[in-house]
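*Asks:* The whole structure should be built from the sequences, with the hints applied where relevant.
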Amino acid sequence: MTITVAERSRLLMPGMANFEPGVERYRVTGGAVTAVLMGAGDRLEIIDPEGCQPVEVAAFDRDGKSDPGLLGHSSGAPATGIAAILAGNQHDASRVADALALRGIDLGATTAIHCFSQDSAPAETIWMTASADVVCVIGVPGGDMSPEEQNTPTDVIAFIHRTAPPAPGLEILPTPLADQNQDLRIRAATARAYEVKAGEFIQVIDVEGRECSDFQCFDAAQLDGGVEAALDATVTRSLLGASSPMPGLYAKYFTHDFQPMVEIIHDTVGRHDTFNTACNAKYYEDMGYPGHINCSDN
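Sequential numbering from 0 applies to the sequence shown in numbering that gives the first Met the number 0.
Hints were generated in silico from the structure; no laboratory data involved.
By construction, the Cβ of each residue, glycine as well, lies at the ideal position given by its N, Cα and C atoms.
Some hints here could point you the wrong way.
Pairwise CB distance ranges (calculated) [stated by the list, open to error]: (1) L248 - S119: 47 to 53 Å; (2) A131 - T273: 22 to 28 Å; (3) Y283 - Q179: 39 to 45 Å; (4) Y249 - Y282: 28 to 34 Å; (5) Y25 - R61: 53 to 59 Å; (6) L176 - Y249: 38 to 44 Å; (7) R236 - T162: 44 to 50 Å; (8) S242 - T28: 48 to 54 Å; (9) G224 - G287: 50 to 56 Å; (10) M245 - E199: 50 to 56 Å; (11) R26 - M144: 15 to 21 Å; (12) F18 - L176: 22 to 28 Å; (13) R94 - Q181: 19 to 25 Å; (14) Y288 - T28: 36 to 42 Å.
*Replies:* In structure tokens form, the structure reads like this:
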């Protein structure tokens, strides 16, 4: 007699990533490019999670010259995929192209290291080591999917393993999305208040990763009149019919009197809590940690 035991459900990706100091993770979207700075001895790890996704990697020296040898490869091929992406009309691609142009990098004669292929297996990985300081451009070529071909470009994951992690306060941060008039570094277990005019942008960056933070804002005019018109998560969820706003049609946060306050235009996290209150003293007291620093008291 044969007894078939059904396989128990399991986590496909168990646990959260817990990177050692000096490890940076970048998700490069299919059909997009990402540029990173690497120092001598830094290692680049690229993973193709779903397979069948070609990747191009171009390395540039201090003079803006393309040289695959900077990443340990004796030869390369024309970076046609990277060039096509940077010549497109995507906003992020134009930002990368402008940043490369400021460094004097000529994309016209660029050669790239071509990784993976259209029939590579899922989870294939490639490693490269920088022999000098380089500007590394990672491109994931691919156009709009043809329905009859099922050839949509997919994301790849890139890790930078630094030989010398940056000192606190000297971390490499993403390029601001616009010209900045305020630059605030909010230390752990603290809070800061700042004023933002209508039409200005707020860019929040998690410097070291895996840090939860609370964001709240008030209508300045009503606050001057003694009325705290703040973001209201319940009203926002009710008006959107979704757990939290995201870039696109349903992007706005509202106050308790149904007035829009801020709009999400760019979000690389995508996981936010709009159900619970900010952590408070009573929560920690009940958990056995009286006097614990909390966001409400901050």
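*Asks:* A separate judgement is required for each hint: does it hold in the structure or not?
*Replies:* Hints versus structure:
no.	hint	verdict
1	L248 - S119: 47 to 53 Å	36 Å, violated
2	A131 - T273: 22 to 28 Å	46 Å, violated
3	Y283 - Q179: 39 to 45 Å	35 Å, violated
4	Y249 - Y282: 28 to 34 Å	30 Å, holds
5	Y25 - R61: 53 to 59 Å	22 Å, violated
6	L176 - Y249: 38 to 44 Å	20 Å, violated
7	R236 - T162: 44 to 50 Å	46 Å, holds
8	S242 - T28: 48 to 54 Å	23 Å, violated
9	G224 - G287: 50 to 56 Å	41 Å, violated
10	M245 - E199: 50 to 56 Å	21 Å, violated
11	R26 - M144: 15 to 21 Å	19 Å, holds
12	F18 - L176: 22 to 28 Å	25 Å, holds
13	R94 - Q181: 19 to 25 Å	20 Å, holds
14	Y288 - T28: 36 to 42 Å	40 Å, holds
The structure fails to meet hints 1, 2, 3, 5, 6, 8, 9, 10 from the earlier list, while all remaining hints are met.
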